[in-house]
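A.B. asks: Spelled out from the first residue to the last, the chains are:
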Amino acid sequence: MAAPRSSAARIKRFADSTTPLVRSEWYVAAGSAEVSETPLARRVCGVDMALVRRPNGAVAILADRCPHRGYPMHLGTVEGDAITCGYHGIRFGLDGKCLAVPSQDRPPKGIALGVYPAVERGGWIWVWPAGERPPSGRSPPETPWLDDPAWTTLRGRVAAGANYIGLHENLIDLSSFSYLLRESVGAAGYAQAPFVLRTDARRVHVERALSGVRLPPFYASILGDRGAVDRRTLSTFESPGFQIAHSEIRFPDGRICRTKILHAITPADANATHYFWAVARDFAVDDSAASARQRDVAEPLFAKIARSLEAIAAAAPGGDANDVHLSTDQAGLELRHIIQTRAHAES
Amino acid sequence: MAAPRSSAARIKRFADSTTPLVRSEWYVAAGSAEVSETPLARRVCGVDMALVRRPNGAVAILADRCPHRGYPMHLGTVEGDAITCGYHGIRFGLDGKCLAVPSQDRPPKGIALGVYPAVERGGWIWVWPAGERPPSGRSPPETPWLDDPAWTTLRGRVAAGANYIGLHENLIDLSSFSYLLRESVGAAGYAQAPFVLRTDARRVHVERALSGVRLPPFYASILGDRGAVDRRTLSTFESPGFQIAHSEIRFPDGRICRTKILHAITPADANATHYFWAVARDFAVDDSAASARQRDVAEPLFAKIARSLEAIAAAAPGGDANDVHLSTDQAGLELRHIIQTRAHAES
Amino acid sequence: MAAPRSSAARIKRFADSTTPLVRSEWYVAAGSAEVSETPLARRVCGVDMALVRRPNGAVAILADRCPHRGYPMHLGTVEGDAITCGYHGIRFGLDGKCLAVPSQDRPPKGIALGVYPAVERGGWIWVWPAGERPPSGRSPPETPWLDDPAWTTLRGRVAAGANYIGLHENLIDLSSFSYLLRESVGAAGYAQAPFVLRTDARRVHVERALSGVRLPPFYASILGDRGAVDRRTLSTFESPGFQIAHSEIRFPDGRICRTKILHAITPADANATHYFWAVARDFAVDDSAASARQRDVAEPLFAKIARSLEAIAAAAPGGDANDVHLSTDQAGLELRHIIQTRAHAES
Chain C
1 MAAPRSSAAR IKRFADSTTP LVRSEWYVAA GSAEVSETPL ARRVCGVDMA LVRRPNGAVA
61 ILADRCPHRG YPMHLGTVEG DAITCGYHGI RFGLDGKCLA VPSQDRPPKG IALGVYPAVE
121 RGGWIWVWPA GERPPSGRSP PETPWLDDPA WTTLRGRVAA GANYIGLHEN LIDLSSFSYL
181 LRESVGAAGY AQAPFVLRTD ARRVHVERAL SGVRLPPFYA SILGDRGAVD RRTLSTFESP
241 GFQIAHSEIR FPDGRICRTK ILHAITPADA NATHYFWAVA RDFAVDDSAA SARQRDVAEP
301 LFAKIARSLE AIAAAAPGGD ANDVHLSTDQ AGLELRHIIQ TRAHAES
Chain W
348 MAAPRSSAAR IKRFADSTTP LVRSEWYVAA GSAEVSETPL ARRVCGVDMA LVRRPNGAVA
408 ILADRCPHRG YPMHLGTVEG DAITCGYHGI RFGLDGKCLA VPSQDRPPKG IALGVYPAVE
468 RGGWIWVWPA GERPPSGRSP PETPWLDDPA WTTLRGRVAA GANYIGLHEN LIDLSSFSYL
528 LRESVGAAGY AQAPFVLRTD ARRVHVERAL SGVRLPPFYA SILGDRGAVD RRTLSTFESP
588 GFQIAHSEIR FPDGRICRTK ILHAITPADA NATHYFWAVA RDFAVDDSAA SARQRDVAEP
648 LFAKIARSLE AIAAAAPGGD ANDVHLSTDQ AGLELRHIIQ TRAHAES
Chain A
695 MAAPRSSAAR IKRFADSTTP LVRSEWYVAA GSAEVSETPL ARRVCGVDMA LVRRPNGAVA
755 ILADRCPHRG YPMHLGTVEG DAITCGYHGI RFGLDGKCLA VPSQDRPPKG IALGVYPAVE
815 RGGWIWVWPA GERPPSGRSP PETPWLDDPA WTTLRGRVAA GANYIGLHEN LIDLSSFSYL
875 LRESVGAAGY AQAPFVLRTD ARRVHVERAL SGVRLPPFYA SILGDRGAVD RRTLSTFESP
935 GFQIAHSEIR FPDGRICRTK ILHAITPADA NATHYFWAVA RDFAVDDSAA SARQRDVAEP
995 LFAKIARSLE AIAAAAPGGD ANDVHLSTDQ AGLELRHIIQ TRAHAES
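Chains as they are written, first to last, in my numbering: chain C, 1 to 347; chain W, 348 to 694; chain A, 695 to 1041.
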């Protein structure tokens, strides 16, 4: 007797744009400089949020929907540690507790404003959009270089009208460096370079090394063209919300220049992504002219990635069910499998 | 044996943006000045209509869709009491009867243009979008002040990209006066003022009184700031298409100034609303400078209401299923229940 | 015992905007002058395509979606008979065969770029969007006048934001000449003129003749107003992608002026249509001033047809299920029946 086909057999293996978003995770919601006493509206994982800086400097992240009639809280008024809804004047503490309802003596039972766990670190505000407190031990990724005076950082934010999975896949696989990103980080040999892939239940690591190559504009904008150097990059998918590339350039004299490229990837919803990038380096740290030159290369680079994902998303419906995979896609498929597994576990 | 759970148990109690529109009702389709021999296109309750003024001055409201191939009738040509479709030249009387089909001797059986009952009153054109003749005794609301030379009227029209239910709820509950509308009709005490609520099968009445308050800009623009006065407002939900607020201001010397604020609320479809407002007053009737000052307060006031409903509608999907209700919401919930009951009876 | 009602009984008789598109057919995808070595993106029957001119002058039509990760091929780089995807550098021959994958020694099994049969004829590029080779004997329609030096041709392209069925129906029935198109091809008697209708399994022919009429601007722009002439038009629906009108003007002295109005109708998708028109004449062939005058009449004429279809499509949902048919609609209904039958056979 044939065993019934298990429904699990029909579960997708690799996350795609139809996979539910993973809300039990840390995502960058905003840059520190964006958040003040005037509420900032932002959508994260399909949840509308209002970000407010409290008098003590801490950041509160509130549901951007008054629980009474749904008026956006970011249109409300903040005074001290309280926010007043702009529609009917209901007042909430920035901890979500209802403090006062003007039209009655005491607030109705059960009224409260949603709040989201927030952590500010390295110039970014991280949020846990599932709402409840994250399990112990689940902190936002460590990003020490963003705070370390021995490093200097460029950063920016790009909005992409496309699902976030394609951005993760793009970034983990450096073979596009030789084509899509040729003008900024291009290296003829990158697509062909052998790579080492390691994975565990939550992370994916890809390491590549190239010997005797010339620096592309992304680095040459700071270092100049020094002739042949060795390059080595370790890219890590840390979570659905974060990737990092550890890049090293080694000169013939043994000197090493290190760069950390941080990719904070935040789904606004299934069809839109906030892409916060940061580039930290441990060389020419005080050279602001070099920073300006690198920014001129970096901004078009990150924007081009966003535009390419939008170009793919604009195609007539049909989907990626028949996409052919290359050997360089292994890392991307591994991370899509991790995301798929996590989304399935959450739902 | 357990009784089967009745399907009625699952019927929603309070209308919301997913409730079918109530078509067996009078709605304002246009202001009188908008309608001429050149057809005016307007969508009411999801029905596209073309409004035409006949040679005798009466208004005809036609389906804006030729029954042949769907060409908009408002692009046709009106001559006398007939309209000719701009596509194939089919000619209809403004009573909907087909008069001629150019390509054949007699019109095909059954061809006719839909017509909608129309009444012009007080500078507004009312329509009954269900199409058939309204039951006897069902006339548009009485609005005698709009025609009465002892009163003077300001009026306008605002388009809101949101469902009409929220507009009804907004208007029947004056507690937003102290917040959303503070700058125009604001009165610190309004949200706290006790109110009397009366309902019958079709209408909802809310009465509020305030003693010893100062006039807000909406009235002070005409009357000046006269110090402390008494205010009293009776707000009535007359139908899914109409609300009216009867406002009285009583001065210490016993003089009374009356204002009628008429709200004609017309769903274009489930996500868009035409809001026709009129403000009639029995004081400073001939003072056109005062009218101009009041218009400067009124127009931003009504526009702000529309913008606030759009802000709520723009939120990420999620719905209002968990909205918390306040004691001041009783009137709004009563009218939503009436609309829900009527929509259910119609469907 | 009643026979069960066959499901076939519920199949629609006449194609409408909900009918699946017919992909096993020739459609004009572009004008010859639009296609060069730089790829041109175009959507045909819901399929995104990239059109490229090969070094030998032939046109290749490729799927506009790299089979790896869906990047649009029209953003790639063409060199000789090969195109390189702009994302990861995969190289395909213009016959669709994968030539190289930069990141690995040999292409993965099964990777290939979709290609579509293409024929260039008379200044138009025809495509067979079903992809596979068309059955033998199925060639694009003959359009000899477009190549013949004894004829001269005006042509253009109009984008219509509406389904293509309405365009076919519009064009086969000349009764709109007296109304919608009065200013360009108008003839008072056209709507009333008797017509002869012939059909076979795939084509519909309508013939009309008018005696003693004056030339409308479309012809008078070239011929001047010559007083009363005889006109005769044979309109043929050749396929879901093509109609042609054979028009003759006979002068009192027996001279005949012939015009072929070719309508290449290409659904982009269910809600958008590319309309390629061409007007070929065998008189005043070398008179470029006359051509310019006729173009001034023709361009607004074809644009007006597109705008009228968009006006119909913009109506509130409701559909055409209750459309009333006229005797002049017979030809349109016949062609809608042919399209419906073909769509059903394909699905």
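No lab work stands behind these hints: they were computed from the structure. Predicted model, so just to flag it, every value in this text is computed and none were measured. Don't be surprised by glycine CBs; every beta carbon is placed ideally from N, CA and C. The reader is advised that the hints may include incorrect statements.
[Said to hold, decoys possible] Covered stretches of chain W, going by a simulated chain C footprint (3 or more residues, C-beta under 8 Å):
#: 1; region: 447-457
#: 2; region: 603-610
[As the list claims (entries may be wrong)] Some chain W residues flagged as far from chain A (calculated, every beta-carbon gap over 12 Å):
#: 3; residue: L422
#: 4; residue: V462
#: 5; residue: R640
A.B. asks: Does each hint hold? Answer for all of them.
C.D. replies: Results for each hint:
{"no.": "1", "hint": "447-457", "in the structure": "violated (count 0)"}
{"no.": "2", "hint": "603-610", "in the structure": "violated (count 0)"}
{"no.": "3", "hint": "L422", "in the structure": "6 Å, violated"}
{"no.": "4", "hint": "V462", "in the structure": "16 Å, holds"}
{"no.": "5", "hint": "R640", "in the structure": "40 Å, holds"}
Consistency note: the structure conflicts with the earlier hints numbered 1, 2 and 3.
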